[in-house]
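S.K.: For the protein sequence lines, the chains are A and B, in the order given.
According to the working numbering, the first sequence is numbered sequentially starting from 1.
According to the working numbering, the second sequence is numbered sequentially starting from 1.
Be aware that a few hints might be false.
[Unchecked claim] DEER-style ranges, computed between Cβ atoms:
#1 A:E173 with B:R45: 46 to 52 Å
#2 B:K80 with A:Y37: 40 to 46 Å
#3 B:P125 with A:L185: 37 to 43 Å
#4 A:L185 with B:G58: 35 to 41 Å
#5 A:G320 with B:K80: 56 to 62 Å
[Stated by the list, open to error] If we take Cβ atoms under 7 Å as the criterion, some of the chain A residues that face chain B in the derived model are:
#6 N88
#7 P93
#8 G94
#9 V96
#10 F97
#11 N136
#12 G188
#13 G189
#14 V192
#15 V194
No lab work stands behind these hints: they were computed from the structure.
Owing to the predicted nature of the structure, the values given are computational and were not obtained by experimental measurement.
Heads up, the beta-carbon is just placed ideally off N, CA and C, and yes, glycines get one too.
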Amino acid sequence: MSGKKSLGRFFTENAVVIIFLAVTVAAIPPSGLSIQYIVQEMITRLGRNTFLVLALLLPIYAGMGLNFGMTLGAMSGQIGLILAINFNIGGVPGLVFAALVGTPISVLMGYVCGSVLNKAKGREMVTGYILAFFINGVYQFVVLYMMGSVFPIRNPAIVLSRGYGIRNTLNLENVRQSLDNLLMLRVGGFSVPVATALVIAALCVFVIWFKKTKLGQDMRAVGHDMAVAEAAGVPVDRTRIIAIIISTVLASFGQIIFLQNMGNMATYNAHDQTSFFAVAAILVGGASVKKANIPNVIIGVILLHVLYVVTPRAGQNLFGDAMIGEYFRQFIGYGVIALTLVLYAWKARASAARAREGLRGGATGNGNGAGNGALAGEGGSK
Amino acid sequence: MKTAVDPKIRARRLVVRSALVLVFVGLTALSFTLGKGHSLIIDNRDLEDGSLSAAPDGNLVSIDGKEALEIYPGDRLMEKVLGQRHVIAVEDLMGGNRIERRVTLPLNADMLLLSVPKLIAGVEPYFEPFTPLNVAPPPEEGGSGNNSFTSPDAVAPGAESPEAPPAPAP
């Protein structure tokens with residue numbers, strides 16, 4: 001009985017990962033792709049996306065849920081890259097330049113986002129999502145109308161023929177894969193971008209170290225219970241703003257790493273799906289709105305991207321149309337986010353019910369803890 | 001209520017923050033200098049003023065030890081380089097005579113014409129800014145990138161719209 005219960009609990013807690021893993025594994029044979037190809041793709045995509053997904057961790061620690069506002073950071077990174085191309089700065093220095101230009105912009109954006117989210121406690125995710133749409137409008141206004149007219153652009157190759165505004169697609173030839181190729185190692189037939197891996201490892205070390213600092217502990221306290229943290233003297237609003245600022249800055253760096261790997265930039269669209277893909281990846285890795293860690297990120301990026309690689313080919317081979325695979329991966333991405341949110345709400349409700357039952361029966365301990373945890377979640381009472 | 005901060009701490013904070021700003025500005029300047037890209041047009045033509053002897057025949061030109069380019073009289077080859085300082089080596093294909101020159105490229109010019117005759121003769125400056133007659137911008141790309149959720153009829157931002165005003169006459 002107890003074994004059955006624990007198996008059920010394991011399945012409930014890891015439902016998203018298990019379902020996703022099953023779908024992905026099932027799609028590999030019909031895709032006809034070799035394991036060698038899939039592994040090489042995963043190595044490349046891990047380097048491309050992991051930094052962006054890691055940017056989501058700190059806001060989760062601070063109890064702010066999944067930071068859909070990371071799009072703001074992505075836009076800041078893109079502005080940095082536009083300026084790097086404008087001044088014809090290339091290689092790794094070009095990436096550093098883009099990151100340095102993007103940093104103050106993303107700090108400002110993070111501050112704005114954090115301040116707005118503090119006014120919408122308990123609804124951070126939807127607020128961040130909508131805020132990203134709003135800032136996207138501002139970004140488009142700046143890039144489409146102000147660059148070349150208000151802000152001088154000296155590189156005619158990136159300006160629209162009307163004399164102002166940046167072109168729809170930018171060629172990042174100067175910085176293309178400069179970080180990846182800085183230290184490319186060939187191991188057993190696979191190309192491993194060591195420099196990119198080291199940057200990601202450095203961020204992982206930073207996250208682990210940061211959790212142990214006073215600020216990191218404050219963030220976790222705020223994430224557990226804002227009222228208790230406030231009573232304990234933790235500046236809740238300030239801590240939440242710092243979490244979002246760090247996340248936004250990291251998203252800015254992450255977008256630069258992502259785009260240097262891709263080699264070109266859709267000026268007005270590249271950031272659109274950034275938060276969506278990052279959130280889908282971390283959720284696929286087994287994270288929830290309130291709990292996430294570095295393994296969730298790594299597992300999530302691998303699982304999501306295996307699916308992205310195999311489904312178009314599987315769709316092509318099974319149904320004669322690669323678009324079915326494309327639809328499938330869109331559907332899976334959104335489906336995972338929806339499923340995770342539903343499971344989270346369901347679990348929170350179940351915990352609250354257990355806590356109430358415990359109180360009726362006079363029991364304390366676990367029940368109370370669960371209840372508090374549930375109430376502290378998004379959608380819970382504040 | 002805000003508590004008063006010790007003036008010493010305030011001063012220290014100011015120093016630390018100022019130092020951070022300086023480091024930030026310094027790093028930006030450094031990355032700009034190290035990463036500044038130049039298109040170097042290696043020009044092996046006779047000088048117009050006739051001040052030097054004719055363009056040398058059959059040379060190998062290598063920049064920063066990279067793969068050498070073969071260059072003959074009248075040739076112009078383009079090489080992209082990053083950063084300001086470079087070592088340019090010219091080696092005679094026939095005699096094996098090798099000349100190495102260190103050059104510092106200006107930050108304000110993207111395209112430079114590097115004269116091989118001047119480089120061999122040691123007449124500075126070896127290069128001069130080069131402005132192409134017509135820079136035809138790449139054709140505008142349609143579409144709005146993948147994974148966008150715009151309606152099929154929507155005009156992608158950045159794409160030329162039919163009602164866009166014509167470019168002003170030069």
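S.K.: All hints, please: hold or fail.
M.R.: Consistency of the hints with the structure:
1. A:E173 with B:R45: 46 to 52 Å: violated (28 Å)
2. B:K80 with A:Y37: 40 to 46 Å: Given about 32 Å between the Cβ atoms, the range is violated.
3. B:P125 with A:L185: 37 to 43 Å: holds (42 Å)
4. A:L185 with B:G58: 35 to 41 Å: holds (39 Å)
5. A:G320 with B:K80: 56 to 62 Å: For B:K80 against A:G320, whose Cβ atoms are near 44 Å apart, the range 56 to 62 Å is violated.
6. N88: With Cβ-Cβ at 4 Å, under 7 Å, it holds.
7. P93: With Cβ-Cβ at 3 Å, under 7 Å, it holds.
8. G94: holds (5 Å)
9. V96: holds (4 Å)
10. F97: With a closest approach of 4 Å, the A:F97 hint holds.
11. N136: Cβ of A:N136 sits 10 Å from chain B, so the hint is violated.
12. G188: Violated. Min distance 29 Å.
13. G189: violated (26 Å)
14. V192: violated (24 Å)
15. V194: Hint violated; A:V194 Cβ to chain B Cβ min 21 Å, cut 7 Å.
In summary, the structure is inconsistent with hints 1, 2, 5, 11, 12, 13, 14, 15 from the numbered list given earlier, while agreeing with the others.
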